[in-house]
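J.: Listed below, chain by chain, are the residues.
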Amino acid sequence: MSEPILTATGMSKYFGGLTAVDNVDFAIYPGEVVALLGDNGAGKSTLIKCISGVYRPEHGQVSFNGEDITSHAPADIRSRGIETIYQDLALAENLDVGANVFLGKEKTRRLFGLIPVTDDNYMRAEASSALDELDIHIPSLKQRLVNLSGGQRQAVAIARAMYWNAKLVIMDEPTAALGVPEQRKVLALIRSLREQNIPVILISHTMHDVMAVADRMVVMRRGRIVANIQRADASEELIVKHIVGTADNGGNAVMI
Amino acid sequence: MGLKAKLGDAQRQNLVNSRYIDFLTKSWSYLFLLALVVYFSVTGTGFFSVRNFSSILTTSTLIMLMSIGQTYVVITAGIDLSIGWTVGLSSVTTARVMRDLADSGNDVAYAMLAGVFAGLLVALIPGLINGLLVARVKVPPFIATLGMFGIVRGAAFLLTDGQQVVRGLSSELRESLRMIGNGSLLYYIPDDGFHWFALPPDLEPQQLRVVSQLLPYPVIITALVVIVFAFILARTKFGRHTYVIGGSEEAARRSGINVDRHLIIIYVICGFTAGIAGVLHLFRFTAGAPQAGEAALLSSVAAVVIGGTNLFGGEGDIMGAVIGSLIIAVLQTGLVILNIDSIWQFIVVGIVIIIAVLVNQLQNALERMQANV
Numbered sequence: 307m308s309e310p311i312l313t314a315t316g317m318s319k320y321f322g323g324l325t326a327v328d329n330v331d332f333a334i335y336p337g338e339v340v341a342l343l344g345d346n347g348a349g350k351s352t353l354i355k356c357i358s359g360v361y362r363p364e365h366g367q368v369s370f371n372g373e374d375i376t377s378h379a380p381a382d383i384r385s386r387g388i389e390t391i392y393q394d395l396a397l398a399e400n401l402d403v404g405a406n407v408f409l410g411k412e413k414t415r416r417l418f419g420l421i422p423v424t425d426d427n428y429m430r431a432e433a434s435s436a437l438d439e440l441d442i443h444i445p446s447l448k449q450r451l452v453n454l455s456g457g458q459r460q461a462v463a464i465a466r467a468m469y470w471n472a473k474l475v476i477m478d479e480p481t482a483a484l485g486v487p488e489q490r491k492v493l494a495l496i497r498s499l500r501e502q503n504i505p506v507i508l509i510s511h512t513m514h515d516v517m518a519v520a521d522r523m524v525v526m527r528r529g530r531i532v533a534n535i536q537r538a539d540a541s542e543e544l545i546v547k548h549i550v551g552t553a554d555n556g557g558n559a560v561m562i
Numbered sequence: 172m173g174l175k176a177k178l179g180d181a182q183r184q185n186l187v188n189s190r191y192i193d194f195l196t197k198s199w200s201y202l203f204l205l206a207l208v209v210y211f212s213v214t215g216t217g218f219f220s221v222r223n224f225s226s227i228l229t230t231s232t233l234i235m236l237m238s239i240g241q242t243y244v245v246i247t248a249g250i251d252l253s254i255g256w257t258v259g260l261s262s263v264t265t266a267r268v269m270r271d272l273a274d275s276g277n278d279v280a281y282a283m284l285a286g287v288f289a290g291l292l293v294a295l296i297p298g299l300i301n302g303l304l305v306a307r308v309k310v311p312p313f314i315a316t317l318g319m320f321g322i323v324r325g326a327a328f329l330l331t332d333g334q335q336v337v338r339g340l341s342s343e344l345r346e347s348l349r350m351i352g353n354g355s356l357l358y359y360i361p362d363d364g365f366h367w368f369a370l371p372p373d374l375e376p377q378q379l380r381v382v383s384q385l386l387p388y389p390v391i392i393t394a395l396v397v398i399v400f401a402f403i404l405a406r407t408k409f410g411r412h413t414y415v416i417g418g419s420e421e422a423a424r425r426s427g428i429n430v431d432r433h434l435i436i437i438y439v440i441c442g443f444t445a446g447i448a449g450v451l452h453l454f455r456f457t458a459g460a461p462q463a464g465e466a467a468l469l470s471s472v473a474a475v476v477i478g479g480t481n482l483f484g485g486e487g488d489i490m491g492a493v494i495g496s497l498i499i500a501v502l503q504t505g506l507v508i509l510n511i512d513s514i515w516q517f518i519v520v521g522i523v524i525i526i527a528v529l530v531n532q533l534q535n536a537l538e539r540m541q542a543n544v
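If you read the protein sequences in the order shown, they are chains A and B.
Each residue of the first sequence is one higher than the one before, starting from 307 at the first, in our numbering.
Each residue of the second sequence is one higher than the one before, starting from 172 at the first, in our numbering.
Source of the hints: derived by calculation from the structure; they are not laboratory data.
Positions of the beta carbon are idealized from the N, C-alpha and C atoms, including for glycine.
Please note: incorrect hints may appear among the correct ones.
Which residues of chain B face chain A? A few of them, derived with a C-beta cut under 10 Å, are [said to hold, decoys possible]:
id, residue
1, R406
2, G417
3, G418
4, A422
5, R425
EDC-like, lysine to aspartate or glutamate: derived pairs with alpha carbons at most 16 Å apart [claimed, not checked]:
id, chain 1, residue 1, chain 2, residue 2
6, B, K408, A, D425
7, B, K197, B, E538
8, A, K448, B, E538
9, A, K411, A, D382
10, A, K473, A, E309
11, A, K355, A, D382
12, A, K547, A, D345
13, A, K355, A, E479
14, B, K408, A, D426
According to the in silico footprint, chain B covers these stretches of chain A (three or more CB under 8 Å from chain B) [what the hints assert, rightly or not]:
id, region
15, 402-411
16, 415-426
17, 446-459
Please construct the entire structure, taking both the sequences and the accompanying hints into account.
T.: Structure, rendered in structure tokens:
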């Protein structure tokens, strides 16, 4: 296999006396969809936040494309191409698709060669072609996002990440708030990211999603990685066992 | 959604797609203003005249200027309750600086210029503090600006030693103030013609009674402020970021917008347009009064809401606030001309505010339905 695009080695993160992430090694390869699974409090989100720069890990090193990005500022990590799409999507729903794809990075043109004004037509056109690449169709580009469906909004968030040259996309529970047809659409989007060789880290509780799109499943429990399973070897039953911690002791639940 | 449930599918489709309904919800405030003007013109003698229209425009400038800054604040889902007294503070400060400089032997023009500068500058202070409290200390805007309401009110009265006006403005100063505050760039006298800048000195009293001010200075100044701030809001990156913050502060932060700095600037803008209102008030009435903008505060919020700006943030524009201010000014003048007790103005404005919010909700519901068709 080729070189991993991102590696995190020996990662640990403590909150007071609590060990949220405990000496974790994690890697993802180009074009790979990795599902990160685990019960609430297993350390998934904390690990992701250590990668995206929201948290500084106490131990460990994150390198991306061969460069050490450990504890860099979130904005710096984003500008290197690691795009995290949170559940709330970070969209301005009162604005249209063009404005949202260019959020905070608005394209301007000079009015009368002098006054910089937002170039809405350009932004709309660019947003439209970004959505086309994802095979997403939105009836009217002038439509405010509040009037779009959950899946369409998710698509806008992904299109934005792609437009700004995301090299790795991290998605936190992308289908949690969606209806079934919308969920399918989002899974299709994840596949289309993979086709464009963009790796995806997918945090999900939904076993169906994971089985549908992930190439590899990484299961976390109490801050550690307890399983790393290729798609071919995976079954829902096996993963659930790892999540609840009954895979390694003959099916007897040990819960503390 | 009650609407949705009561109607059949086909009916609903028709309603949703109706261009008339669309047009009505989007431009009802313009139509309402037009209807008011027509109604008062037909029923009230003397309403339909250039002279009266110019007086309505001049009257509207106070509320309009305040509502410009208020629109920015409301779009970020905030509110500024302090600007009524900022108007007064600015008016009083301007008057005092002008008086003191003129009294100590300075040129009146210089004294006036320095006074205007001081008046505009002092108005930025409550804006800056409001902005810092809201953006950095995370005090809810309602509370922060309510506190500032009291502080600025007190400050304005301290500057007049508790009096209703700044005393001791010389007659020369008053005359100079009046020339701008009650002056016009262009006058029209029936059977005589147009005059730029000033009226001819030898006018008969009956001519003076029919003089029309075509371009009163306060209206010109307000129009310039409207154009500048409407442009910034609608066309620039700064304006766009204002809407982004109103839509989702979190999204704004994550997209790299400096939300704190932006909010501070917006509250400063709000203080600034109130400051202009205060200075103009002094020029128009030649008296620095702490309570100059007291009654106009709620009217300015009303104007913003009537104009379709959403109090929850994220939508609205300056043109809406302009129309809202004009509706209030037309009502004020029209009711006086019809000899109706001016108390009715409060009732009518109150009703219009409620209609405005309902129409805004209807419009959003229609937009949603159209998107789902």
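J.: Does each hint fit the structure? Answer for all of them.
T.: Here's how the hints hold up against the structure:
no.	hint	result
1	R406	4 Å, holds
2	G417	7 Å, holds
3	G418	3 Å, holds
4	A422	4 Å, holds
5	R425	4 Å, holds
6	B:K408 x A:D425	10 Å, holds
7	B:K197 x B:E538	11 Å, holds
8	A:K448 x B:E538	12 Å, holds
9	A:K411 x A:D382	15 Å, holds
10	A:K473 x A:E309	14 Å, holds
11	A:K355 x A:D382	14 Å, holds
12	A:K547 x A:D345	11 Å, holds
13	A:K355 x A:E479	14 Å, holds
14	B:K408 x A:D426	11 Å, holds
15	402-411	holds (count 4)
16	415-426	holds (count 5)
17	446-459	holds (count 6)
The structure fails none of the hints (numbered hints given earlier).
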